[in-house]
Structures are given as C-alpha cells and as structure tokens.
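Produce the complete structure using the sequences and hints provided.
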Amino acid sequence: MLKAEVNELLTQTGAGTPTGELFRQYWLPTLLAEELPENDCPPVRVKILSERLIAFRDSEGRYGLIDEFCAHRGVSLWFGRVEECGLRCAYHGWKYDVTGQCVEVPSEPENSNFRRTVKLTAYPLVRVGDILWSYMGAPESQPELPEFEFARVPSEQTYASKRWQESNWLQALEGGIDSSHVSWLHSGGLKSDPLFKGARGNEYNLNDLRPFFEVAESDGGLFVGARRNAEAGKYYWRITPWVMPSFTMVPPRGDHPVHGHFWVPIDDHNCWVYTFDYHPTRALAPEEVRAMREGHGVHSRNIPGTYRPMENKDVDYLMDREAQKRGETFSGVRGIAQQDASLQESMGPIVDREKERLVSSDTGIIKARQKLRKAVEALRDEGVTPPGVDPTHHRIRSAAIVLPQEESFIESCRDALTAQPGVAHTSV
Amino acid sequence: MRPILASSCARAATAEEARFRIDRPIAGRKALILALDADAALVVDRVAERPWGAARFFHADALSESRLAGELADADVAIMIATADANGELAAAIARACVERGIMTAGLILGEQLEVAGAVSALRPYARNLMVTDDEEDVAEVLRALRA
Chain C
1 MLKAEVNELL TQTGAGTPTG ELFRQYWLPT LLAEELPEND CPPVRVKILS ERLIAFRDSE
61 GRYGLIDEFC AHRGVSLWFG RVEECGLRCA YHGWKYDVTG QCVEVPSEPE NSNFRRTVKL
121 TAYPLVRVGD ILWSYMGAPE SQPELPEFEF ARVPSEQTYA SKRWQESNWL QALEGGIDSS
181 HVSWLHSGGL KSDPLFKGAR GNEYNLNDLR PFFEVAESDG GLFVGARRNA EAGKYYWRIT
241 PWVMPSFTMV PPRGDHPVHG HFWVPIDDHN CWVYTFDYHP TRALAPEEVR AMREGHGVHS
301 RNIPGTYRPM ENKDVDYLMD REAQKRGETF SGVRGIAQQD ASLQESMGPI VDREKERLVS
361 SDTGIIKARQ KLRKAVEALR DEGVTPPGVD PTHHRIRSAA IVLPQEESFI ESCRDALTAQ
421 PGVAHTSV
Chain E
429 MRPILASSCA RAATAEEARF RIDRPIAGRK ALILALDADA ALVVDRVAER PWGAARFFHA
489 DALSESRLAG ELADADVAIM IATADANGEL AAAIARACVE RGIMTAGLIL GEQLEVAGAV
549 SALRPYARNL MVTDDEEDVA EVLRALRA
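Going line by line, the protein sequences match chains C and E. Sequential numbering of the first sequence, starting at 1, is according to our numbering. Sequential numbering of the second sequence, starting at 429, is according to our numbering.
Rather than coming from a laboratory, the hints here were simulated on the basis of the structure. Relax, there's no trap hidden among the hints.
Label pairs and their in silico Cβ distance ranges:
{"no.": "1", "chain 1": "E", "residue 1": "R478", "chain 2": "C", "residue 2": "E354", "range": "10 to 20 angstroms"}
{"no.": "2", "chain 1": "C", "residue 1": "P286", "chain 2": "E", "residue 2": "R478", "range": "52 to 62 angstroms"}
{"no.": "3", "chain 1": "E", "residue 1": "R524", "chain 2": "C", "residue 2": "D320", "range": "43 to 53 angstroms"}
{"no.": "4", "chain 1": "E", "residue 1": "A521", "chain 2": "C", "residue 2": "R321", "range": "44 to 54 angstroms"}
{"no.": "5", "chain 1": "E", "residue 1": "D502", "chain 2": "C", "residue 2": "E354", "range": "18 to 28 angstroms"}
{"no.": "6", "chain 1": "E", "residue 1": "D563", "chain 2": "C", "residue 2": "V128", "range": "31 to 41 angstroms"}
Simulated crosslink set (BS3-like; lysine-lysine; CA at most 27 angstroms straight-line):
{"no.": "7", "chain 1": "C", "residue 1": "K3", "chain 2": "E", "residue 2": "K458"}
{"no.": "8", "chain 1": "C", "residue 1": "K47", "chain 2": "C", "residue 2": "K313"}
{"no.": "9", "chain 1": "C", "residue 1": "K119", "chain 2": "C", "residue 2": "K47"}
{"no.": "10", "chain 1": "C", "residue 1": "K355", "chain 2": "E", "residue 2": "K458"}
{"no.": "11", "chain 1": "C", "residue 1": "K355", "chain 2": "C", "residue 2": "K3"}
{"no.": "12", "chain 1": "C", "residue 1": "K234", "chain 2": "C", "residue 2": "K197"}
Listing some non-contacts, in silico: residues in chain E with all C-beta distances to chain C over 12 angstroms:
{"no.": "13", "residue": "A469"}
{"no.": "14", "residue": "A476"}
{"no.": "15", "residue": "R478"}
{"no.": "16", "residue": "A520"}
Cβ coordinates follow ideal geometry from the N, Cα and C atoms, glycine included.
Put into structure tokens, the structure is as follows:
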C-alpha cells in the first residue's frame with residue numbers, strides 16, 4: 001500500500017515535478033541508434049518526460065534533440081527537411097542547428113541579427129552502444145556518460161530493441177524488480193523460448209515455486225536475491241540488480257546472452273521499454289539475433305514500422321486460450337515482454353497503490369519505492385545527487401549461481417555482480 | 429471483430445474506466461513484530477509508538493513458548509527485527525512455530541551489510557523474506573506497505 005500523495009509523487013515525471021527532476025539528473029535512453037541511421041536522415045518525433053521534442057542527425061553526423069515546434073508559428077518540425085547541418089521548418093523555412101539555435105530566418109534580411117535571438121530548448125543527445133542517450137537536466141550538472149556494460153561491449157556482442165508500453169513507468173519497473181512472478185507468468189517460456197531453454201537453472205526455477213527473497217542495498221540501488229532449493233545443502237540464487245532510476249537486469253540462464261531493461265517515461269500514462277541482450281565474452285550468434293528480432297526472450301515482436309507490439313491492448317493482446325490450456329503460455333499471451341506488459345497495462349495507466357495488498361515477498365518493491373521517494377525528496381529539499389548518476393554505479397551485473405546454504409549471496413557474489421570487461425557472467 | 433463495449437476488452441484499462449472499479453475496505457495484516465536482540469528491541473519500541481492497525485510488538489526473548497503460541501494464533505505474518513547481535517536460536521524457535529501454523533516469516537536486519545553478515549546467516553533459514561538495511565525507517569515502511 002502506498003499513500004495517494006506518494007503514488008502521485010513517484011509517478012509524475014513532467015517538467016517541474018519532483019520525480020521529473022530526479023529523472024533529469026540522468027542520461028536516459030531516448031532513441032535506438034537505428035532510428036537515425038545516417039546523416040541528414042528524416043527527423044524523429046520524441047516524447048520523453050512529457051516533453052515533445054524532435055531528434056535529427058545533421059550533415060556532419062551530429063545528433064540534435066530540440067523542441068518539436070518551430071519558434072515562429074508553432075508548427076511541428078517533423079515536417080521539416082534535414083539539410084546542410086540543420087533542420088529547416090517546412091512552413092516558412094526557419095532553420096535550426098543541433099543546439100536549437102536558429103541559424104536562418106529567410107523572411108529577414110540576410111545580415112539581420114534576429115536569428116541569433118531565437119533558440120529552441122535543446123538537450124544533448126549522444127550515442128553509446130546502440131542507444132542514443134539524452135540528458136535533460138541543468139547543463140552544469142551533466143554527469144559522465146553511461147557505463148552500463150550492455151552499451152559498452154563491442155557491437156557484435158549486443159542487441160537492443162524497444163517497445164511502447166501503455167502504462168506509467170513505475171508499475172513497469174516494479175515488474176522488473178519483482179522476480180517472484182517469473183515461475184508463474186513466464187513458466188511456458190522457460191521450457192520453450194530459444195533464448196532461455198536448456199539451462200540447468202530452469203529446473204531449479206520450475207521445481208521450487210516458492211522462492212525465498214533477500215534484499216540488499218547497493219550504491220546505485222538494490223540487489224534482490226531469489227533463492228530456491230538446489231542439490232542437498234545448496235541454494236540456487238538468482239540476483240537482480242536495480243540501478244536508479246529505472247534500470248534492471250534479469251539473471252542469466254546458462255550461456256544464453258544476459259538481458260535487461262530500461263524504463264523511460266514518455267508521459268505519465270506511457271513509457272518506452274528499452275530492452276537489451278548482450279554477452280560479455282562472445283559475439284551473439286546469428287540465430288540468437290534472429291530470435292531477438294522475432295520477439296523471443298524479453299524482446300517484443302512489433303508492428304512493422306513501429307515500436308508498438310503486435311500483442312497490444314487494442315487486440316486483447318492476441319489472447320490465445322488454447323495455448324493457455326495446453327500450457328504453452330501461462331496467461332494466453334505470447335512472449336515474455338507482452339506477458340508482462342499486458343498485466344501491467346491491465347492495472348490502468350497509473351495503478352492505484354492505495355488499493356493494493358502487498359505481501360512480505362514484495363519487500364524489493366517496498367524498498368525500491370522507499371529509495372526512490374527518499375532520493376526525490378533529498379534532491380528537491382537539499383539538492384543531493386541521487387544514486388545511479390555516478391557511472392561507477394552502472395558497472396553491475398545480474399548473476400545466477402548455486403551456493404552452499406550458509407553463504408551470503410552479497411559476499412560470495414561480489415565479483416559476479418560487478419561488470420568486468422572480457423570476463424564471462426556468472427550463470428547456471 | 430470490434431468489441432461492443434470498451435469494458436469488454438483490454439481497452440478498458442483507461443483512467444476513465446478506473447472509476448468503475450469496485451471499491452471496498454481492505455483489511456490489514458495481523459502482523460507480529462518480534463525484536464530478536466537488545467538493539468532491535470529499542471527500534472521496535474520506537475516504531476510501536478506510532479499508530480498501527482492490528483500490529484503487535486514484542487521483545488522475543490520475553491515471550492514464553494505458550495505466550496508466543498497464543499500471539500501467533502491469529503497472526504498471519506511474523507516479522508523478525510534484528511541487528512548484528514541477532515539471536516539465531518530465538519529466530520529458529522519463532523520460525524518453527526510459524527511453519528506449524530502456516531504463518532509467513534520475514535526478517536529485517538538493521539546495520540551495514542558487512543557488520544550484520546552473521547545475523548543474516550542466522551536468519552536466512554527462517555525468514556522467507558529478508559531485507560538488510562541501515563535505515564531504521566524501513567521497519568515502519570514495510571509495516572505501512574503491509575497495512576499492519
């Protein structure tokens with residue numbers, strides 16, 4: 001249960017809101033690099049943290065993320081032309097560079113200074129890995145670039161996708177922290193999904209549906225350990241890290257690539273889910289990449305030309321009751337990603353957390369909300385930089401491991417939970 | 429096939445439709461909060477001063493076996509609070525009593541991760557859900573979230 005005022009505090013991310021200001025302390029995934037594939041390619045409309053923006057890539061390969069609307073008459077620059085190092089409005093030809101500076105007003109004299117007085121809001125947009133990241137906070141507080149391992153390994157070792165989720169970011173994130181649903185909602189995928197199946201850990205998962213949970217703090221957020229019985233005297237641990245504000249990693253399975261998510265608010269009723277898969281020590285196999293593109297693993301199959309999943313709310317998520325009856329899927333919805341999204345969207349755009357009935361296995365969610373609230377208040381009241389801004393907090397991993405019963409996962413997995421270039425992840 | 433009513437399909441998950449959700453009072457958890465050592469007892473005493481629903485607070489070492497059994501009779505969750513000095517035997521006795529009655533067990537261990545490693549090991553077998561935190565306020569936070 002969460003009081004209505006705290007629910008509001010944590011779910012509203014527009015400009016000037018406390019949690020909106022929190023998000024504006026971080027570099028956030030804003031586009032896939034594939035959305036701006038070449039110099040002078042078409043611009044892309046972007047809505048993030050309730051701000052309407054336009055992204056483009058100029059003639060020299062610089063990325064720009066600026067106010068979507070022309071300063072002149074307020075038309076959308078999406079209709080504009082990307083040409084000669086700028087984005088030119090289709091209406092009267094006003095032209096802007098990647099910093100939002102107006103560089104040409106055709107109706108004014110050529111030597112007029114007027115254009116210098118016109119500047120649109122602009123945010124830095126940079127490529128790290130397959131993601132374009134933006135920073136929407138105060139320029140003087142701009143942090144170092146992200147160092148998440150999935151974005152730093154060579155490109156042949158990583159794959160990223162994205163999907164539109166029609167719910168507030170927080171209930172989506174909470175699904176990533178709550179691993180207790182995996183043995184139920186995703187049980188079908190553990191047996192059949194090409195990016196999951198075959199791992200010894202799956203057997204532990206399916207043989208013990210009542211895991212014990214352990215929550216421990218990390219510098220950037222939390223580690224949530226789920227333990228199940230393994231062989232005599234041993235536990236099978238699956239450890240999920242959360243880095244503030246909204247990055248989580250799923251514990252790996254066998255030698256499959258390891259995956260995770262970054263939930264980014266579009267507005268208070270929608271979010272983008274950036275999903276990645278990578279392997280720390282080898283290139284992804286062609287069949288693995290094909291499976292990811294086809295929406296297996298934690299990726300979605302999207303309507304061609306969009307980032308909207310085929311299994312969306314307008315089509316009842318293509319509910320397949322026969323597959324549900326046969327046990328191929330637990331909920332009748334195809335794919336891990338949309339199994340999660342369908343249930344999280346069914347809560348409503350912003351779930352009323354005053355009406356929920358949490359149990360003690362929700363401790364990870366309870367602690368995450370508390371950490372978020374404290375960080376929001378400390379930033380608002382004292383200007384304290386929140387956890388997860390420092391790029392050293394990004395150098396974490398998830399892990400799956402069998403340990404003697406008396407060992408602490410935090411102590412035993414210190415190395416396993418730290419990203420180490422060229423070192424394989426710890427997986428069962 | 430197009431649905432006849434918005435409420436007959438997944439499109440009903442709108443903010444507007446939320447007002448048709450059935451609203452009724454939600455009962456809180458009958459939580460037993462048990463301090464396992466002297467420092468934890470101080471925390472539990474402080475938290476107990478706040479207004480709670482059905483939550484009941486005890487120093488575990490002051491509870492006889494029969495008193496514990498009586499208190500557990502109508503409880504549905506037992507939350508053990510510990511610091512570095514956690515009494516593992518006490519935790520085991522509480523956990524055994526809870527298992528017999530089908531009562532969920534949870535543990536909150538207060539202190540720095542390294543300092544409380546022994547307490548974590550002691551409680552691990554007995555608490556289905558365990559949280560290590562250096563923030564005393566987490567005790568109240570968890571109880572509030574559970575409607576204790």
